[in-house]
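Sequence order for the protein chains is A and B.
Using our numbering, you'd call the opening residue of the first sequence number 2 and step up by one each time.
Using our numbering, you'd call the opening residue of the second sequence number 11 and step up by one each time.
It should be emphasised that the hints constitute simulated quantities derived from the structure, not laboratory data.
Hints may contain errors.
Said to hold, decoys possible - A few chain A residues that face chain B, going by a derived Cβ cut-off under 7 Å, partial list only: (1) E165; (2) L168; (3) C169; (4) L281; (5) Y285.
Said to hold, decoys possible - If the Cβ cut is set under 8 Å, some of the chain B residues that face chain A in the computed set are: (6) V69; (7) P70; (8) A107; (9) G108; (10) D112; (11) I113; (12) N116; (13) V134; (14) P137; (15) L160; (16) T163; (17) T193; (18) Y205; (19) A207.
Claimed, not checked - A few chain B positions that, by computed beta-carbon distances, are all more than 12 Å from chain A: (20) M11; (21) Q15; (22) E71; (23) M72; (24) P88; (25) A91; (26) I98; (27) T105; (28) V151; (29) K176; (30) R180; (31) G189; (32) P191; (33) C197; (34) E199; (35) S218.
These numbers were taken from a predicted model, which means no experiment stands behind them.
Positions of the beta carbon are idealized from the N, C-alpha and C atoms, including for glycine.
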Amino acid sequence: MSNYPFDPKEISVDEYYPKMPPLYGMDMAPTRKFNTPITPKENFLRVCRKEKPLWLPNMATDFATIQPIVMPDANARVHGGIDWFGIQWEYEPLSNAAMVKPGTRRLSDVTNWESELVFPDLNAIDWQKDYDETYKDCLSDDLVVNFVIVNGLYERLADLTSFEDTLCSFLEEPEAVEALYTKLTDFHIELMKIAKKYYHATLITFHDDMGTQRSSFFSPELFREVMMPHYQRMNKAAHDMGLYVMFHSCGSVANQLPNFIESGFDFWEGQDACNDKDALMEQYGDQIGMEVMSLMPPTDEKGLMDVVNRYVYGLGKNGRCLAWHSTPKGAAFDSCAKIYELSRKHLAE
Amino acid sequence: MSKLQELATAVENGKSKLVPGLVEEALAEGNSPIDVLNKGMIDAMGVVGEKFKNNEIFVPEMLVAARAMKKGVEVLKPHLAGESSTTIGKVVIGTVAGDLHDIGKNLVALMIESAGFEVNDLGVDVPVEKFVEAAESDPEVSIVAVSALLTTTMPAMRDTVAALNKSPARSRFKVMVGGAPITQEFCDEIGADAYTADAASAAQVAKSFVS
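Please put together the full structure from these sequences, using the hints given.
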């Protein structure tokens with residue numbers, strides 16, 4: 002018998018957490034608040050500890066995902082401009098995001114990184130001021146602060162040089178790549194310290210896309226050689242700080258999941274369109290949690306209920322899934338509340 | 011092992027530093043420049059493409075092989091000057107208007123070039139008229155390859171293919187399409203000749219069009 006039986010009053014409240022600043026260039030709606038028996042943050046920590054949560058954590062209701070725009074990387078990727086490493090980004094209206102300006106190149110060659118690259122001074126930003134002015138009044142202690150860091154190791158070198166040169170350098174210039182990635186990892190660890198100290202983060206979402214629609218860009222063996230030692234060091238440092246790390250990696254990267262696990266990532270945020278999340282959850286769910294987005298869910302009762310059931314009785318049946326689901330406009334019912342209610346009952350059994 | 015075989019193995023394994031020397035040695039052994047090109051390098055890239063399609067190798071291995079071949083071609087070029095035809099066709103390639111993505115398009119261009127074609131890369135955000143002009147102005151163009159990464163730029167691909175289909179020179183060239191959101195169904199719907207899912211397949215289909 003559960004210590005926390007579901008009470009219908011938990012979802013009868015009509016309250017919201019304060020509206021958060023825009024994320025990924027998108028305006029945020031106020032976060033729906035339920036009358037939960039423990040806080041969403043405590044519930045999420047259960048998942049992190051591989052304990053059964055009381056309900057399926059939902060990024061749309063349980064998390065405060067932030068990407069402070071004072072970080073040049075965040076600003077450049079959202080609006081275009083120069084990022085932390087001097088790379089020029091260009092806004093592309095069709096995708097409402099920016100990409101590295103075609104034809105530009107920051108680093109002549111990876112072997113020249115020490116002489117050509119100026120690493121950012123993280124102390125140049127008044128983080129406390131940004132927190133006080135932008136986040137202090139809207140970040141609730143009850144929610145999981147999820148701090149987004151973009152441009153992981155693969156992406157950064159591709160941005161600095163080119164897609165092709167980066168992949169070739171993994172095979173042809175391993176020493177230079179190793180040295181650069183060591184320094185970049187130091188940088189990421191320092192940034193995580195800031196996320197923890199100033200923004201009270203619990204979770205880091207760390208981006209490094211590395212796949213096409215049909216496979217990963219590079220082999221699992223190459224990941225192990227080039228990336229894994231750095232990601233292991235980074236994740237250990239994060240864990241030592243009390244942080245958990247979700248690896249955002251788009252593309253068909255199922256072949257890399259054992260590597261993500263061995264690297265120490267706690268969660269994987271991947272693309273549904275080219276990964277069989279249901280099968281992967283069965284295979285790896287006990288070792289790595291998975292965040293699953295429902296982008297543009299249907300609004301009709303049956304279609305929306307299928308989405309809810311997949312979360313509650315499929316992907317989330319063992320409490321290892323994080324949903325990213327907002328009730329769509331014009332929906333037949335409040336699907337966020339339904340996910341909460343059904344997963345509360347299911348996980349209590 | 012003959013020098014041609016050594017060269018092919020070096021290309022397959024992406025040994026850029028070895029390939030130029032092996033080209034010279036293969037020529038010195040009495041092989042014709044055309045054989046060095048075809049048997050020593052283009053055939054090797056065919057093997058690389060097949061391995062990529064079968065997921066035996068990944069993009070980096072394919073890229074270093076293509077780059078190794080390029081190094082070899084640089085050394086071979088002066089020797090090919092007297093040959094009647096060193097390319098198997100000309101390909102115009104580009105990413106459609108409104109779309110700035112070039113990674114997939116570049117990989118296709120590289121593999122098509124490695125298959126023995128001459129490539130005229132129009133770049134990204136290419137207006138319809140520019141595709142048509144490039145296809146019509148050069149009578150040796152046998153393939154126009156059109157790329158789009160975004161679902162939102164698929165209409166631009168449709169417009170591009172429609173304009174190419176109206177060209178008086180259309181019977182001379184084939185139209186190939188590709189990109190993450192593109193499917194065989196969409197290819198058929200807009201009247202293109204071929205859709206391929208990856209760069210190696212694109213090179214194979216391109217070769218089939220001119221053989």
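Problem set entry | Unsatisfied constraints (hint numbers, rising) | 4, 5, 8, 14, 17, 18, 22, 23, 27, 31 and 32
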